[in-house]
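Number of protein chains: 2
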Amino acid sequence: MTANGNNQTKMVGKQSILFQNAPYIIATASVAGKKESEGPLGSLFDIVNEDPMFGQNSWEEAESELMKEAAEKVIMKAGLANSDIRYLVGGDLLGQLIATSFGIAELKIPVLGIYGACSTMGEAMSIGAMLVDGGYADRVLAITSSHFAGAEKQFRFPLDYGNQRPYSATWTVTGSGAVIITGEDKKISNPAEADVVIKGITTGKIVDYGIKDSMNMGAAMAPAAFETIKQNLEDFGLQPSYYDRIITGDLGDVGSKILIDLLLEAGHDISKNHMDCGVEIFDKEKQDTHAGGSGCGCSAITFAGYIYRKLKTREWNRVLFLPTGALLSQVSFNEGKTVPGIAHAVMVEAK
Amino acid sequence: MTANGNNQTKMVGKQSILFQNAPYIIATASVAGKKESEGPLGSLFDIVNEDPMFGQNSWEEAESELMKEAAEKVIMKAGLANSDIRYLVGGDLLGQLIATSFGIAELKIPVLGIYGACSTMGEAMSIGAMLVDGGYADRVLAITSSHFAGAEKQFRFPLDYGNQRPYSATWTVTGSGAVIITGEDKKISNPAEADVVIKGITTGKIVDYGIKDSMNMGAAMAPAAFETIKQNLEDFGLQPSYYDRIITGDLGDVGSKILIDLLLEAGHDISKNHMDCGVEIFDKEKQDTHAGGSGCGCSAITFAGYIYRKLKTREWNRVLFLPTGALLSQVSFNEGKTVPGIAHAVMVEAK
Numbered sequence: 119m120t121a122n123g124n125n126q127t128k129m130v131g132k133q134s135i136l137f138q139n140a141p142y143i144i145a146t147a148s149v150a151g152k153k154e155s156e157g158p159l160g161s162l163f164d165i166v167n168e169d170p171m172f173g174q175n176s177w178e179e180a181e182s183e184l185m186k187e188a189a190e191k192v193i194m195k196a197g198l199a200n201s202d203i204r205y206l207v208g209g210d211l212l213g214q215l216i217a218t219s220f221g222i223a224e225l226k227i228p229v230l231g232i233y234g235a236c237s238t239m240g241e242a243m244s245i246g247a248m249l250v251d252g253g254y255a256d257r258v259l260a261i262t263s264s265h266f267a268g269a270e271k272q273f274r275f276p277l278d279y280g281n282q283r284p285y286s287a288t289w290t291v292t293g294s295g296a297v298i299i300t301g302e303d304k305k306i307s308n309p310a311e312a313d314v315v316i317k318g319i320t321t322g323k324i325v326d327y328g329i330k331d332s333m334n335m336g337a338a339m340a341p342a343a344f345e346t347i348k349q350n351l352e353d354f355g356l357q358p359s360y361y362d363r364i365i366t367g368d369l370g371d372v373g374s375k376i377l378i379d380l381l382l383e384a385g386h387d388i389s390k391n392h393m394d395c396g397v398e399i400f401d402k403e404k405q406d407t408h409a410g411g412s413g414c415g416c417s418a419i420t421f422a423g424y425i426y427r428k429l430k431t432r433e434w435n436r437v438l439f440l441p442t443g444a445l446l447s448q449v450s451f452n453e454g455k456t457v458p459g460i461a462h463a464v465m466v467e468a469k
Numbered sequence: 119m120t121a122n123g124n125n126q127t128k129m130v131g132k133q134s135i136l137f138q139n140a141p142y143i144i145a146t147a148s149v150a151g152k153k154e155s156e157g158p159l160g161s162l163f164d165i166v167n168e169d170p171m172f173g174q175n176s177w178e179e180a181e182s183e184l185m186k187e188a189a190e191k192v193i194m195k196a197g198l199a200n201s202d203i204r205y206l207v208g209g210d211l212l213g214q215l216i217a218t219s220f221g222i223a224e225l226k227i228p229v230l231g232i233y234g235a236c237s238t239m240g241e242a243m244s245i246g247a248m249l250v251d252g253g254y255a256d257r258v259l260a261i262t263s264s265h266f267a268g269a270e271k272q273f274r275f276p277l278d279y280g281n282q283r284p285y286s287a288t289w290t291v292t293g294s295g296a297v298i299i300t301g302e303d304k305k306i307s308n309p310a311e312a313d314v315v316i317k318g319i320t321t322g323k324i325v326d327y328g329i330k331d332s333m334n335m336g337a338a339m340a341p342a343a344f345e346t347i348k349q350n351l352e353d354f355g356l357q358p359s360y361y362d363r364i365i366t367g368d369l370g371d372v373g374s375k376i377l378i379d380l381l382l383e384a385g386h387d388i389s390k391n392h393m394d395c396g397v398e399i400f401d402k403e404k405q406d407t408h409a410g411g412s413g414c415g416c417s418a419i420t421f422a423g424y425i426y427r428k429l430k431t432r433e434w435n436r437v438l439f440l441p442t443g444a445l446l447s448q449v450s451f452n453e454g455k456t457v458p459g460i461a462h463a464v465m466v467e468a469k
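Listed in order, the protein sequences are those of chains X and S.
Following our numbering, the numbering of the first sequence begins with 119 at its first residue and continues without gaps.
Following our numbering, the numbering of the second sequence begins with 119 at its first residue and continues without gaps.
Hints may be right or wrong, so weigh each one.
Put simply, identical chains are the same to the list, so a pair is met inside one copy or across any two.
[As the list claims (entries may be wrong)] Okay, derived cross-link-like pairs now, DSSO-like style, lysine-lysine, Cα gap no bigger than 30 Å in a straight line: (1) LYS132 / LYS317; (2) LYS317 / LYS469; (3) LYS226 / LYS348; (4) LYS132 / LYS191; (5) LYS348 / LYS469; (6) LYS132 / LYS226; (7) LYS428 / LYS375; (8) LYS226 / LYS375; (9) LYS226 / LYS195; (10) LYS430 / LYS152.
These are calculated hints, taken from the structure and not from any lab test.
Bound conformation, chain X alone (with noise of 0.2 Å):
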């Protein structure tokens, strides 16, 4: 087929891909706001602001500069410059995607737009990986956003109007993570850390089991997670165990119970492994966010800040990332549609 002739050695199994010279995530960075800064791993986070307008005018432009601060951070963590990113994949929850246009418009990197709701990180490394490993770009920045004032306005009820929550509803993590892919072996920070690699990645279907709640995302895409993680141990010939953590975005409580109960019935146990972003990232108790965190940004800064701290110190060597998303609309749910998921997973190792 192609030049390099080895087609066959890169497509596993019926959804996944198995990188031969696992591209390296040289970098990461976080930028959180107050409530993030608050929570279990709030000392994680590369940068926190206080101000929830991160110093704009709306809430839209605040997510914008979050996101600007964080692609200029993982730039410079990494010793770069604008210049030697080939490409710049990403997206937010925004309609249109306003939060990325403004946001890195000024950074001057060839931009690959991408929506997969609250998966858009785990679809941005994917891409950026092939990217990469193929020999497309030398060097990949992924990133995603999310803001709870942008979120709630876009998604539900302005914050004024102050609506109740159910306790399945999610709280919108205000932040952004950014990761930097390369296919060169640099090591930029302490040299008895590990390299962090992606290994392989299992990209997602639309999943559809129905539920219209979307104060219950968490049900809603449980279903996309359980048939990317089923086709993830599939197609690799893979145990759960295989993995030290198997880490769902933002199912929250409630979507990981069903997603843990829906292996369980397929025969996979993953009760002793499995971890979710949403759950993490807040205090359930002290900080009233009900089922979890929620939104591009959980899972984005819990890599960034946390999940690739545990990589680089060997401390997990295996780790299967599995942002999720929840394919709704305002205008979706208001005109009565069920709400579908999708999960894109990436096998992030140490090594």
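Please build the complex by placing chain S on the supplied structure of chain X, with the hints as guidance.
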């Protein structure tokens, strides 16, 4: 860097990729509405539906339906089954891509959702070509859609309001165009016809000249088209005359004039071989469409129905296909923000 070691030959100049074994576009499909069928290209579309609701209950469902029909049609025309498609890469103009999410869910194909406003078909074909060329997919379905009524509701006014439109405004095309990209040299049509391949791509940056008028998107997008065309010519060391046609997406009358002027100032005369899908698709005088057609579907069905045929018959041998996007949302417009533009170029050639 990677196993095949030929990175240098893939990345060309600052923003471009050259495919050594250019992937084939083996089939295209187009679904269009009544107004599009009455335009100059009307007889070229595979499916025309005179019902603007496409048998559904809302404009959004109508767009989902037309996208699904285009996907099914292109898979059928290529003699394939859904399971033969490794990735669907696509998107639409609606907030959170709901036309796509609901349109193609039942196809059960792994999905990479993308957003580049009306440049989305260029982005889909660019990513699709890289994934096929790199050995990450045997076949990719690239698809986009737009719907006049859904777009008016999303970006401007409800149709019932009956607002007047300035002459610089464009008319969103109701349609969906799809292509199948593969590394296999599979001739499914008349052997006398040319193979159509993707020779290279140039990925755009976000360009913002400060235009704020959402009724003059041609002017907002022209600078992005200018920058991408200029970069394409520089990266490959080409003159505009290399191409039989340089085809922008939906600049319309106003944007096309600006583009030609900008390039002329930079020393490139494209006045002889420039074409714009938005200008071609409607008869301005008879159809009252003002500056021309627009929308993700505009360039997609013009490519699928018209440009592809011209290449198959070798009437044209080299085309630069350059869908153009205006990165605004209703929210960003109402907040008084500018309309940044983006344009992704695909070099499509008869072989």
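For each hint, the structure was consulted:
| no. | hint | verdict |
| --- | --- | --- |
| 1 | LYS132 / LYS317 | both (17 Å within a copy, 28 Å between copies) |
| 2 | LYS317 / LYS469 | within (10 Å within a copy, 36 Å between copies) |
| 3 | LYS226 / LYS348 | between (39 Å within a copy, 15 Å between copies) |
| 4 | LYS132 / LYS191 | between (37 Å within a copy, 23 Å between copies) |
| 5 | LYS348 / LYS469 | within (25 Å within a copy, 42 Å between copies) |
| 6 | LYS132 / LYS226 | between (37 Å within a copy, 12 Å between copies) |
| 7 | LYS428 / LYS375 | within (24 Å within a copy, 55 Å between copies) |
| 8 | LYS226 / LYS375 | between (43 Å within a copy, 25 Å between copies) |
| 9 | LYS226 / LYS195 | within (18 Å within a copy, 40 Å between copies) |
| 10 | LYS430 / LYS152 | within (26 Å within a copy, 58 Å between copies) |
Of the numbered hints stated above, none is contradicted by the structure.
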